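S.K.: Heads up: the protein sequence lines correspond to chains A and B, in order.
Read in order, the letters of the first sequence correspond to residues 4 to 513 in our numbering.
Read in order, the letters of the second sequence correspond to residues 4 to 513 in our numbering.
Honestly, the hints are just simulated from the structure, not real lab data.
Do not rely on the hints blindly, as some may be mistaken.
Each pair may be met inside one copy or between any two copies, as identical chains are not told apart.
Derived pair list, reagent style BS3-like, types lysine-lysine, alpha-carbon separation capped at 25 Å [to be verified]:
(1) K414 to K353
(2) K312 to K195
(3) K255 to K414
(4) K91 to K191
(5) K312 to K121
(6) K507 to K488
(7) K191 to K353
(8) K91 to K6
(9) K6 to K255
(10) K73 to K507
(11) K191 to K73
(12) K121 to K73
(13) K255 to K25
(14) K449 to K25
(15) K25 to K191
(16) K195 to K6
(17) K6 to K157
Quantities reported herein were computed from a predicted structural model and do not represent experimental measurements.
Number of protein chains: 2
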Amino acid sequence: MSKVIIIGAGLAGSLLSTFFAKRGIATDVYEARGDMRKEEMSAGRSINLALSDRGIRALSAVGMDDYMLKEAVPMYGRLIHPVAGSTKLLPYSGREGEYINSVSRGGLNEALIDEADKYPASTFHFHERCVGFDCESGEARFRNTETGEEKTIKGETVIATDGAGSAVRQSMMNRGVERFNYSQHFLKHGYKELRIPPVSEFKGEVPETANGEFLLEKNALHIWARHQYMMIALPNFDGSFTCTLFLAFEGKDSFEAIENGTWGLEKSSRGSAQMNADSEKEPRENEDPKEFPSSSFRSASDPRSSAAKIPAVEALIRFYEVNFPDAVLLMPDLVEDFFDNPTGDLGTVKCFPWNVGGKALLLGDSAHAIVPFYGQGMNAAFEDCRILDGLIDSHGLEWETVFTEYSELRKVNTDAIADLAVENFYEMRDHVADPVFVRKRDLETKLEREYPDYFSKYSLVTFREDIPYSEAQRRGNSQNEVLMKLCEDISDISELDMDEVMAKVSDLEY
Amino acid sequence: MSKVIIIGAGLAGSLLSTFFAKRGIATDVYEARGDMRKEEMSAGRSINLALSDRGIRALSAVGMDDYMLKEAVPMYGRLIHPVAGSTKLLPYSGREGEYINSVSRGGLNEALIDEADKYPASTFHFHERCVGFDCESGEARFRNTETGEEKTIKGETVIATDGAGSAVRQSMMNRGVERFNYSQHFLKHGYKELRIPPVSEFKGEVPETANGEFLLEKNALHIWARHQYMMIALPNFDGSFTCTLFLAFEGKDSFEAIENGTWGLEKSSRGSAQMNADSEKEPRENEDPKEFPSSSFRSASDPRSSAAKIPAVEALIRFYEVNFPDAVLLMPDLVEDFFDNPTGDLGTVKCFPWNVGGKALLLGDSAHAIVPFYGQGMNAAFEDCRILDGLIDSHGLEWETVFTEYSELRKVNTDAIADLAVENFYEMRDHVADPVFVRKRDLETKLEREYPDYFSKYSLVTFREDIPYSEAQRRGNSQNEVLMKLCEDISDISELDMDEVMAKVSDLEY
Numbered sequence: 004m005s006k007v008i009i010i011g012a013g014l015a016g017s018l019l020s021t022f023f024a025k026r027g028i029a030t031d032v033y034e035a036r037g038d039m040r041k042e043e044m045s046a047g048r049s050i051n052l053a054l055s056d057r058g059i060r061a062l063s064a065v066g067m068d069d070y071m072l073k074e075a076v077p078m079y080g081r082l083i084h085p086v087a088g089s090t091k092l093l094p095y096s097g098r099e100g101e102y103i104n105s106v107s108r109g110g111l112n113e114a115l116i117d118e119a120d121k122y123p124a125s126t127f128h129f130h131e132r133c134v135g136f137d138c139e140s141g142e143a144r145f146r147n148t149e150t151g152e153e154k155t156i157k158g159e160t161v162i163a164t165d166g167a168g169s170a171v172r173q174s175m176m177n178r179g180v181e182r183f184n185y186s187q188h189f190l191k192h193g194y195k196e197l198r199i200p201p202v203s204e205f206k207g208e209v210p211e212t213a214n215g216e217f218l219l220e221k222n223a224l225h226i227w228a229r230h231q232y233m234m235i236a237l238p239n240f241d242g243s244f245t246c247t248l249f250l251a252f253e254g255k256d257s258f259e260a261i262e263n264g265t266w267g268l269e270k271s272s273r274g275s276a277q278m279n280a281d282s283e284k285e286p287r288e289n290e291d292p293k294e295f296p297s298s299s300f301r302s303a304s305d306p307r308s309s310a311a312k313i314p315a316v317e318a319l320i321r322f323y324e325v326n327f328p329d330a331v332l333l334m335p336d337l338v339e340d341f342f343d344n345p346t347g348d349l350g351t352v353k354c355f356p357w358n359v360g361g362k363a364l365l366l367g368d369s370a371h372a373i374v375p376f377y378g379q380g381m382n383a384a385f386e387d388c389r390i391l392d393g394l395i396d397s398h399g400l401e402w403e404t405v406f407t408e409y410s411e412l413r414k415v416n417t418d419a420i421a422d423l424a425v426e427n428f429y430e431m432r433d434h435v436a437d438p439v440f441v442r443k444r445d446l447e448t449k450l451e452r453e454y455p456d457y458f459s460k461y462s463l464v465t466f467r468e469d470i471p472y473s474e475a476q477r478r479g480n481s482q483n484e485v486l487m488k489l490c491e492d493i494s495d496i497s498e499l500d501m502d503e504v505m506a507k508v509s510d511l512e513y
Numbered sequence: 004m005s006k007v008i009i010i011g012a013g014l015a016g017s018l019l020s021t022f023f024a025k026r027g028i029a030t031d032v033y034e035a036r037g038d039m040r041k042e043e044m045s046a047g048r049s050i051n052l053a054l055s056d057r058g059i060r061a062l063s064a065v066g067m068d069d070y071m072l073k074e075a076v077p078m079y080g081r082l083i084h085p086v087a088g089s090t091k092l093l094p095y096s097g098r099e100g101e102y103i104n105s106v107s108r109g110g111l112n113e114a115l116i117d118e119a120d121k122y123p124a125s126t127f128h129f130h131e132r133c134v135g136f137d138c139e140s141g142e143a144r145f146r147n148t149e150t151g152e153e154k155t156i157k158g159e160t161v162i163a164t165d166g167a168g169s170a171v172r173q174s175m176m177n178r179g180v181e182r183f184n185y186s187q188h189f190l191k192h193g194y195k196e197l198r199i200p201p202v203s204e205f206k207g208e209v210p211e212t213a214n215g216e217f218l219l220e221k222n223a224l225h226i227w228a229r230h231q232y233m234m235i236a237l238p239n240f241d242g243s244f245t246c247t248l249f250l251a252f253e254g255k256d257s258f259e260a261i262e263n264g265t266w267g268l269e270k271s272s273r274g275s276a277q278m279n280a281d282s283e284k285e286p287r288e289n290e291d292p293k294e295f296p297s298s299s300f301r302s303a304s305d306p307r308s309s310a311a312k313i314p315a316v317e318a319l320i321r322f323y324e325v326n327f328p329d330a331v332l333l334m335p336d337l338v339e340d341f342f343d344n345p346t347g348d349l350g351t352v353k354c355f356p357w358n359v360g361g362k363a364l365l366l367g368d369s370a371h372a373i374v375p376f377y378g379q380g381m382n383a384a385f386e387d388c389r390i391l392d393g394l395i396d397s398h399g400l401e402w403e404t405v406f407t408e409y410s411e412l413r414k415v416n417t418d419a420i421a422d423l424a425v426e427n428f429y430e431m432r433d434h435v436a437d438p439v440f441v442r443k444r445d446l447e448t449k450l451e452r453e454y455p456d457y458f459s460k461y462s463l464v465t466f467r468e469d470i471p472y473s474e475a476q477r478r479g480n481s482q483n484e485v486l487m488k489l490c491e492d493i494s495d496i497s498e499l500d501m502d503e504v505m506a507k508v509s510d511l512e513y
């Protein structure tokens, strides 16, 4: 047997190589970037990720479940930061041991490559970018990113773990596969990564809430939900937090309104095009600088932030002072990070079929890129690997049978998590601060504490790795409808008879 | 002002050129094919189309409403052909003057080019294929299909009426437009065009139902609905009918099952792969040839049908004898047509945005390709032209404003007709022969006769060119739900009090 070609040594490709190696299937893994274990690089993707039960189950299957014990930071709930007033923790579950784990994308990826590298059956080839796939012959074409040299490779079969912009999927779409169903949909919001440093690095006043090296509660996912936009922060192992601001690209509250300096100025409701014209007539110097204390920020004249203009910096600071007053005090690099870091897109990709006969299979983001709001992108990709591996148990190396059955089993579930992730964006942004929603979460936590059989929608998706995503979605939605209705008509969940509530939920059909 | 570039001299592009010429806006229309007025060619698309009120309104606006008086064949309803028993006409409307028109795609397209050609402001360039569009510079690139010469052209703006496979849309998708939303979805069914000749050309026994030159009722759209598949036939001006068979590509009842000769053999339920293996063991010669009389068909040994093998021809004839016993008698060229004509895909394309600032706009199929089951593809494209023209009245040549407003107005409506068309596939295939559905259509016809304010969903979409598609969809769906429920519990619509029914329908909110 010739080797299986894996395209992409990201999270999915590296893990899959280990799965295959453990069965004695040799793989050649081609990766467009250099070896991240040797080179400093940005993956161009989020810095940390939430590893949960579906991902852990797949890691366990290759003996890597101890990874998160060493490198992960447990997060037991969402810690809600209102504009004013005290924070509130909404636990992810009412049960012990049900939590999610903040892990470093780079750290985990390196560990996965290291693990695969222990097996002689796994061979990694770096700086080899896949630039095409021939759906007829099954040959993949690679270009070396250092030498420019091109080569064509044909293996036993190809597994494309080359991400949301997959070159293999592109070839399938460009007439490689007849009647290829495809969709790409983008949110109107983008994201920007920012940072809260660890205590030892922080020059400002350390708040009372600091916990060891962490300026904020360490074991939580922090959320600043502001309806039209939100910021979240995940703890890193080194004591820092990676913050992600989710904000519309255009409109009244947007990256554009910050970048053109109009955010928060009364006139901004007239639209940004008009504003730009206005701002030429009414120079910004007339405004009272005391309203926008910026002493704790690096100046926009910092050479690394040369792209930022004064009005934009002022708008950014206004935006943060008004919306995130507690967080802004902990973000000394806000201005620099904001103007230096790219603004990312948030898109969902769906397609079908995923395979070209037995010649190739799309797996992970290449088949189903999703938005990050359920923390399931990596977990879904790891689950992909585990399920594909299980089908090799059943069918051996009959690739076409394995790929077809895998696709049929899996498609309905990756569609479900794609839709759940988009819905959760609106839930996190709009409802996390809504009193009915908060009561519903309290009720769910209480149910989970008192009834071992009760699992909230979030728990079904996140902690029940034995239940497919599509079932979690159906069951979770039915439950939510009932519970939200109950919580609308009460002022406190103590008014509810818990046995009655549980009976209602148990009667649901899904 | 430099000229407006229109890409594609199909139905939409030719009509748009006339709309523009009437306002004195000069256009250069680039068409990949030759001049269809001088060259015999197949458009690679359906031979006839159903022109209805939305299309007619747009033709009227440029003074072409007399076209369908000369060249169209009115169709007053669906004529349902059961496998056995008599046919039944389901009128499209209970009102006089509400009917659709079968027109020749080629004939109408030539008339549209001729009309535009009357204006010096319209210039057509044939054999010029658009091979790319630069979303930065606004330049379009064309390759002459005869000389191979390439040139780059920049006009006042570009309107891409280059169809479902639009080169301009491709450039927008390939990073030309940020966060370009796109989807393409295909039905599992394909289509094949076949033919019923006019009486004067027919060598067989002319049936009693013949009407002048027409072997079937002339003024109807004929439907042979068979649940998993169906055939339709539209009358042509010359007395022939163009039949379209809609059938799954794969599976028990499929193009594949006919082409590999397995259709209708008991064993075919075991799947076609298995069948091929079996058929080598059990040669087909043993079967009784009397079961499959093929004397009225051209032989498969006809050189033009050389691709067809005997088992495939036999399967085709079995399929037609069993499912379309009345039609097959009128289709002497069935075997030749079936194996010579291509099998077409049925897909829906949606995307957004439709414009690149003021530099380009997608219009017609390039923006919203739909399946043909509501007979609205061309009508929607003509409505596109009329609405775009109206916005030039409001905004002049402020292209970005015109294009943006056009897209915002229009997108919700083309999404609606796209979804309606897919739904109508299932309605035509599955429900047209269902007794509850037939009663509901009878009830709707009666309502339309007795209540001038009542319009069925079909009438709202087809005859109410003053109502947007999205409103027709909402209103039609609400009505349908009520009427189907009423028709479930009765055996004849005479049991219903019509005033009560009408009151129920009028109470609906949409």
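S.K.: Please flag the earlier hints that this structure goes against, numbers listed from lowest up.
M.R.: 4, 5, 8, 9, 10, 11, 13, 14, 15, 16
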